[in-house]
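Trainee: Produce the entire structure from the sequences given, and follow the hints as far as they go.
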Amino acid sequence: MSTADTKPTSVQDSPQKQEPLVHAQPSTASKLSTFLSTYVFSKDHKVIGLQFLFSTLLWFLIGGLLALAVRWQVAWPWSDVPVVGKLFAQQGGQMSPEFYTMLFTMHATVMIFLVIIPILAGAFGNFLIPLMIGADDMAFPTLNMLSYWFMWPAFIAFGASFFVEGGAASSGWTSYPTLATNVNSSPGAGWGQTLWLIGLTFVGVSSMLGSVNYMTTIILMRAPGMTMFRLPMTIWAMFITAVLQAFALPVLTAAGFMQLADRTIGTGFFTPEGNIVNNAVATAGGGQPLLWQHLFWFYSHPAVYIMILPAMGMVSDILTCFARKPLFGYRPMVYSVAGIAGLGFIVWGHHMFMSGMNPALGVTFMVSTMMIALPSAVKTFNWLGTIWGGKIQFTTSMLFALSFVSMFIIGGLSGIFMAATPVDIFIHDTYFIVAHFHYVLFAGTAMGVWAAIYFWFPKMFGRTMNEFWGKVHFFLTFIFLNGTFFTMHILGAVGFPRRLADAYHYETFHHLQPLNAFMTYCAIGMVATQIIFAVNFFWSMFYGPIAGRNPWNSNTLEWTAPSPPGHGNFDFQPIVHRGPYEYSVPGIESDHLMQTDPPNSAATAAAAAAH
Amino acid sequence: MKRVAGLFWSLLFLAVPVLGVITFAVAPAYDIWLPKDVSEHGAAVDGLFYFILWLTGVVFIVTEIVLFWFMWKYDANNTKTDVKYRHGSHALEVVWTIIPAGVLLFLAIYQMNTWADVKMRRPNMAPTVEVIGRQFEWRLRYPGRDGVLGTPDDLHLVNDLHLPIDEDILIQLKSMDVLHSFFLPNVRIKQDAVPGMKIPVWFKARETGVFDIVCAELCGWGHYKMKGRVTFESRELFEEWLEVKYQEQEATQESGKKI
Chain A
3 MSTADTKPTS VQDSPQKQEP LVHAQPSTAS KLSTFLSTYV FSKDHKVIGL
53 QFLFSTLLWF LIGGLLALAV RWQVAWPWSD VPVVGKLFAQ QGGQMSPEFY
103 TMLFTMHATV MIFLVIIPIL AGAFGNFLIP LMIGADDMAF PTLNMLSYWF
153 MWPAFIAFGA SFFVEGGAAS SGWTSYPTLA TNVNSSPGAG WGQTLWLIGL
203 TFVGVSSMLG SVNYMTTIIL MRAPGMTMFR LPMTIWAMFI TAVLQAFALP
253 VLTAAGFMQL ADRTIGTGFF TPEGNIVNNA VATAGGGQPL LWQHLFWFYS
303 HPAVYIMILP AMGMVSDILT CFARKPLFGY RPMVYSVAGI AGLGFIVWGH
353 HMFMSGMNPA LGVTFMVSTM MIALPSAVKT FNWLGTIWGG KIQFTTSMLF
403 ALSFVSMFII GGLSGIFMAA TPVDIFIHDT YFIVAHFHYV LFAGTAMGVW
453 AAIYFWFPKM FGRTMNEFWG KVHFFLTFIF LNGTFFTMHI LGAVGFPRRL
503 ADAYHYETFH HLQPLNAFMT YCAIGMVATQ IIFAVNFFWS MFYGPIAGRN
553 PWNSNTLEWT APSPPGHGNF DFQPIVHRGP YEYSVPGIES DHLMQTDPPN
603 SAATAAAAAA H
Chain B
1430 MKRVAGLFWS LLFLAVPVLG VITFAVAPAY DIWLPKDVSE HGAAVDGLFY
1480 FILWLTGVVF IVTEIVLFWF MWKYDANNTK TDVKYRHGSH ALEVVWTIIP
1530 AGVLLFLAIY QMNTWADVKM RRPNMAPTVE VIGRQFEWRL RYPGRDGVLG
1580 TPDDLHLVND LHLPIDEDIL IQLKSMDVLH SFFLPNVRIK QDAVPGMKIP
1630 VWFKARETGV FDIVCAELCG WGHYKMKGRV TFESRELFEE WLEVKYQEQE
1680 ATQESGKKI
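Protein chains in written order, with my numbering: chain A, 3 to 613; chain B, 1430 to 1688.
Be aware that one or more of the hints could be misleading.
Unchecked claim - Stretch-level coverage of chain B by chain A, calculated; a stretch enters the list once three of its residues show a Cβ under 8 angstroms from a Cβ in chain A: (1) 1436 to 1450; (2) 1462 to 1469; (3) 1484 to 1493; (4) 1503 to 1517; (5) 1532 to 1538; (6) 1580 to 1593; (7) 1602 to 1615.
Hints are computed from structural coordinates only; laboratory data are not their basis.
Where a beta carbon is used, it is the ideal one built from N, C-alpha and C, also for glycine.
Mentor: Here it is as structure tokens:
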């Protein structure tokens, strides 16, 4: 691993020299301990990344099924739930309203805390950061291992909460007091809510351990020549996400402990004096319910960016690769990610326009919220600029990346409605906002994650996924997601409220059942489509075509390593000579110039001319 | 075959703006649209909604069509021109930063007055009625004959809110237990009720009629059924109704005895 050892210029063409996946172990070690240290308590960032990936995909399935149950009730309230109805219903097969309340609470909780955040930072952050910056592992491998294993208490706490008396938490994923703090407020406000807070704390610890590791690794362990402004967008996004997590998470953790104390030892941070819920004894109180909302959103708004920035970064890299073109406006892209992160800390109040917060403060948050739309717009224009004049290859990964752009436009624009405070009076807590955040988080982030899975699958498992079935998966997901979520906009325009087990007894909403039924059919189709993905994923892992080092002719460092890379990643020390986006450089035979390719006078001249 | 593939995917992406616009265009015909507005300030709220709808609609259509156009034109199997080797354009970056910034800033300033009217410029008057959220009902308290809330002659009712039209209404919103949100879809009013806080809500109704009161903030298992009705009527009918309800309340209590 000396710096002199930089011979292969086009490693991707050289015959496969796969290092054994397993790092050499002392021969005295038993097979069991080797297995445990390699696959279970591994300190290898790639194994940890895959552990995160498999765990979060499993929870993705659970979260999706919870969503289907929610949709069933919204479309056909009080009707028997097919197949699984008998399992949870007290009588017949219909769900109770408290069960419905629990369903959407846990759907959001699972999707946000156990899927989106850990799949982006945990799975892709772990897998990609050392590979893309040319490091052999993370700065703190043990800490990295712990960041995965601290997810398990959370998995157990959230999972077990379904089976405790009263069921899992049912006060929404926002856990607003006093519904969440007073054990008399609802059936799920007992042990379910306590376990929810414990689970949340462990997710926070896990994220924190990950984020300090990512920041340290990116700052200190870049390969020679890899300056900050030669980092791929994926790494920039992961870096800024880690910064966001490091600064915002302590607030949520502290708030979580305060709420836990309110619930268990009788403090009154979030409960006013003399609060009587459900005819129970009045609380001593002395607190303020709005305090929780401020603390919660101080974390959870930056968390919205934690849930989208890494996807934006990965999509930027995938778009350039399959458009065979440099990223349009690399520096503006970096600055806009940083801008989103900075502004992200001063917009949390836009979740609270109707909360009873001082309306004058609402004006301040409205202005900052309007301004945060700006860097998002700049990013979108730059993505369009990136594919302009390229040679687009319609791979499955590219289709998902393009759909990210297309869907993010919708999710970004619908946000402007909510940012406008007078309009928010009407659409706050309606399906308009449900449409908005599903366009950002599902149609945006989840589509970005699929783009990334199809793109980096060869690096993870050494084989490519099936393209035909990948495209079928994309096509059906794209159709069904728009059928499910686009219609939510017009539902929100009627004022159709979220979180209602049955809204049709209201005169205003009684005629909306057929539309909701249509959306539920689409949602069922969307979840069913994922069977194609699951089969493709596992089949390709074992039987897919062997990928080689660089199946997409991409530029970044991970593609110089073997597929899959062994422990220690690179079989030579990568030296970086240029930025990550030198595709189709004029005067060069190949249509891509890897970051490790030696300096090339024609390329230098072309780059100078293009600037 | 490959040329067709590129065309197919481009058209799929073109379907997004086409079907998107159609959805919004036909929704009002099926009454899946803003419900009737009977308030004074509602026109400003709806006007802003339509303004943003047009603005974002144009941006949506243009950007989605540009995306389609690039996908179709720069399909690797279809294009013969070389890849444009560009790292960006300073001039373009400036243009597409300044223009949205200007538009967003305008939008921010443009809406402030409406927001101030609805949430900040509180009419200087005594509350018309006190509305108290409680799992899972709206408790109402009208000041009795003395016109003052909190005296023994207050009129207590549940879920059946009556209000006079064409005059300022000031509601004092409270919650007994958990968060609720007082949502009048037809009046374009929404305000959370927070335990421990008294929050003023004001508006002026322009038309008579009976409309829904919806709870819009999760308040427990019975959140969905926390439904009230608001009746807007003329001052005379309102006072008549108030008198009837007051007599009903008196009749159920022992006369002269405070409870």
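Trainee: Would you pick out the hints that fail for this structure and give their numbers low to high?
Mentor: 6
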